[in-house]
Amino acid sequence: MTAFKKVMIAFAFIGLCLWLRHQHKPDMTLVYPDDCSFTLDSNFSQAMKAEIKSFIDTAYKENKKPASLLPSIESQFSAIRSIIVDMQNPDQLNFTIQAYQPMFMVNDSFVLSEQGQIFDKTVFENKLISQLENVTYDGTLHHKDIDRLIKFVGSLSDPILQDFSIRWVGKYNVWLDQKNGDDLSLLVDYARPPTMQDIGECRKLRGQIIDKPCKDKRGKPCKNNITWVCDLRFDQQIVLFSTNKGG
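Numbering (our numbering), first residue to last: 5 to 251.
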């Protein structure tokens, strides 16, 4: 049952309540309250809350048929996940509105939900946005990559997300760069997300190498700003190489 079908059930309940309260005209036409009240998801930004309230309040006052508002609300505010309409106060029609849950940001500009919807970050509260992981995506986000991104980010453990940022260059070219310090990056395939065991093996291998004198291709001592890249895209094999650019 969709959220908006549930709303229709809520309206049926309202109709029954109104009938029981004898709030109807002699011709049995339902009479709805003049005013609206709102219970809005705290994840919405203040600007978005104000916009939702203004839109519904204005539309309702123009035409007091709540059911007719549903298509326009759904069209206007794609970030709304569900609406429940009730009449706890006989003088007001209350709208309880829930938002889709943001999962992570892309390029610090828009948000992806677990269901794959894309929203501008201004839809949500700044405090919530600041807590989301950000994925740097190379180029314009392709629709076919949305599910891949969601599955990939969702498969990473919290310790990995805390230690590494994500750069999506391509589905077979995903970089995880260390947030604190830049001495280790991971290069992975989207279908083979790294585990903490993989990272442990990479760090162990890097430790074994850096204990030895490092020389570049010309035989000169390596520079101090080298980043080690651990390539985990191969079966039963780890490839470690160094770069001055981080990938």
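It is possible that some hints are incorrect.
Think about it this way: if two alpha-carbon atoms lie no more than 25 Å apart in a straight line, the pair counts; the simulated BS3-like pairs of lysine-lysine are [to be verified]:
1) LYS148 - LYS125
2) LYS148 - LYS57
3) LYS224 - LYS183
4) LYS68 - LYS53
5) LYS53 - LYS69
6) LYS131 - LYS57
7) LYS125 - LYS155
8) LYS155 - LYS183
9) LYS65 - LYS53
Calculated directly from the structure, the hints in this document are not laboratory data.
Predicted model only: the values in this text are computed from it and were never measured.
Hint by hint, here is what the structure shows:
1. LYS148 - LYS125: holds (21 Å)
2. LYS148 - LYS57: Violated. LYS148 to LYS57 sits at ~34 Å, over the 25 Å cutoff.
3. LYS224 - LYS183: Violated - the C-alpha atoms of LYS183 and LYS224 are around 29 Å apart, more than 25 Å.
4. LYS68 - LYS53: holds (21 Å)
5. LYS53 - LYS69: holds (22 Å)
6. LYS131 - LYS57: holds (21 Å)
7. LYS125 - LYS155: holds (21 Å)
8. LYS155 - LYS183: Judged against 25 Å, a Cα distance of about 22 Å means the pair holds.
9. LYS65 - LYS53: Since the Cα atoms of LYS65 and LYS53 sit roughly 18 Å apart, the hinted pair holds (cutoff 25 Å).
Hint check: violations occur at hints 2, 3; the rest are consistent with the structure.
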